[in-house]
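Asks: Note that the protein sequences, when read in sequence, are chains C and D.
So the first sequence is residues 240 to 392, counted in the numbering used here.
So the second sequence is residues 240 to 392, counted in the numbering used here.
Please note that a few of the clues may not be correct.
Treat identical chains as interchangeable: a pair holds within one or across any two.
To be verified - Here are the computed lysine-lysine pairs in the DSS-like style, where the Cα-Cα straight-line distance is at most 27 angstroms:
1) K349 <-> K364
2) K308 <-> K349
3) K326 <-> K308
4) K349 <-> K326
By construction, these hints were calculated from the structure, which means they are not laboratory data.
Fair warning: this is a prediction, and the values are worked out from it, not measured in the lab.
There are 2 protein chains.
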Amino acid sequence: MRLLLIHSDHIDYQAQKKTPVAEEGAVLEDAFDEALVAFCAVESIDEEDIEDVIGQAVAEITKTAEQLKTERVLVYPYAHLSADLSKPETAKKALQEIETGLKTIGLTVKRAPFGWYKAFTLSCKGHPLSELSRTIVPGGSEEAKPAKKEVTH
Amino acid sequence: MRLLLIHSDHIDYQAQKKTPVAEEGAVLEDAFDEALVAFCAVESIDEEDIEDVIGQAVAEITKTAEQLKTERVLVYPYAHLSADLSKPETAKKALQEIETGLKTIGLTVKRAPFGWYKAFTLSCKGHPLSELSRTIVPGGSEEAKPAKKEVTH
Ligand SMILES: [Mg+2]
Numbered sequence: 240m241r242l243l244l245i246h247s248d249h250i251d252y253q254a255q256k257k258t259p260v261a262e263e264g265a266v267l268e269d270a271f272d273e274a275l276v277a278f279c280a281v282e283s284i285d286e287e288d289i290e291d292v293i294g295q296a297v298a299e300i301t302k303t304a305e306q307l308k309t310e311r312v313l314v315y316p317y318a319h320l321s322a323d324l325s326k327p328e329t330a331k332k333a334l335q336e337i338e339t340g341l342k343t344i345g346l347t348v349k350r351a352p353f354g355w356y357k358a359f360t361l362s363c364k365g366h367p368l369s370e371l372s373r374t375i376v377p378g379g380s381e382e383a384k385p386a387k388k389e390v391t392h
Numbered sequence: 240m241r242l243l244l245i246h247s248d249h250i251d252y253q254a255q256k257k258t259p260v261a262e263e264g265a266v267l268e269d270a271f272d273e274a275l276v277a278f279c280a281v282e283s284i285d286e287e288d289i290e291d292v293i294g295q296a297v298a299e300i301t302k303t304a305e306q307l308k309t310e311r312v313l314v315y316p317y318a319h320l321s322a323d324l325s326k327p328e329t330a331k332k333a334l335q336e337i338e339t340g341l342k343t344i345g346l347t348v349k350r351a352p353f354g355w356y357k358a359f360t361l362s363c364k365g366h367p368l369s370e371l372s373r374t375i376v377p378g379g380s381e382e383a384k385p386a387k388k389e390v391t392h
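All chains, full assembly: derive it from the sequences and hints.
Replies: So this is what it looks like as structure tokens:
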């Protein structure tokens, strides 16, 4: 799983058009201020142990939210973070379970719908911890560390 | 090279803090309306033939700008698109050459500085072509195609 974690002043999104794998019953339009936006791409390798990957993702997002002193998280599907995606059904279920896991910990969580083209506006705060990326692999908690040289761009 | 191409109503950025590889002499604060934002991560494999990768990137960005009927491009360094980055000096030079290449074609181009923490606000239009990702590899023009299953999230 690839994660892009952005500490934002504001995010809003509006679902505009379904793809063939669009999730039904999700919140099609929402907004959040002072939140951690967790852009997520579920990858094919994650299917080897999806529950483990989900657990690592929940832990990583929770740790980052604590560092940023926010209790507000938006889980946002973002296929463009990976060129090797999981099956859509796996991703949809994983994102729902990440939402549930974060709520169980006590965070205030929203989740953007999977499989829709969405308009969005995002403000990134710009401090050194306001943009982080992580690669999570099944069974590989030591891989859930900052990407090599990640602060150089 | 990983590219994330976003058709935006508006983007603005403000450089806030240098990293150790911060570019000097770049535009530290700017804004653009109705533009294609080209988020770019230069990868280690690109160093095998960086000029080829630069040429492919310029062609890909130009083609997308034409499809979107915009002549305005913001080149934006985005390390978080890859976990295997090139040397910073390679990336800095490549991004400058992409800017020059796009200007030579006649596009109106701005470029955000490399190696700075930046605040930004981005609005994505949300139509089906408004978010595209590409993976470019040296000598592999057939690889510069949509990522597998890219429309499914
Ligand atoms: Mg609009």
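Asks: Confirm or reject each hint.
Replies: Hints and how they fare:
1. K349 <-> K364: For K349 and K364, the Cα distance is within 27 angstroms both inside one copy (19 angstroms) and across copies (21 angstroms).
2. K308 <-> K349: within (17 angstroms within a copy, 34 angstroms between copies)
3. K326 <-> K308: neither (34 angstroms within a copy, 33 angstroms between copies)
4. K349 <-> K326: within (23 angstroms within a copy, 37 angstroms between copies)
The structure shown violates just one earlier hint, number 3.
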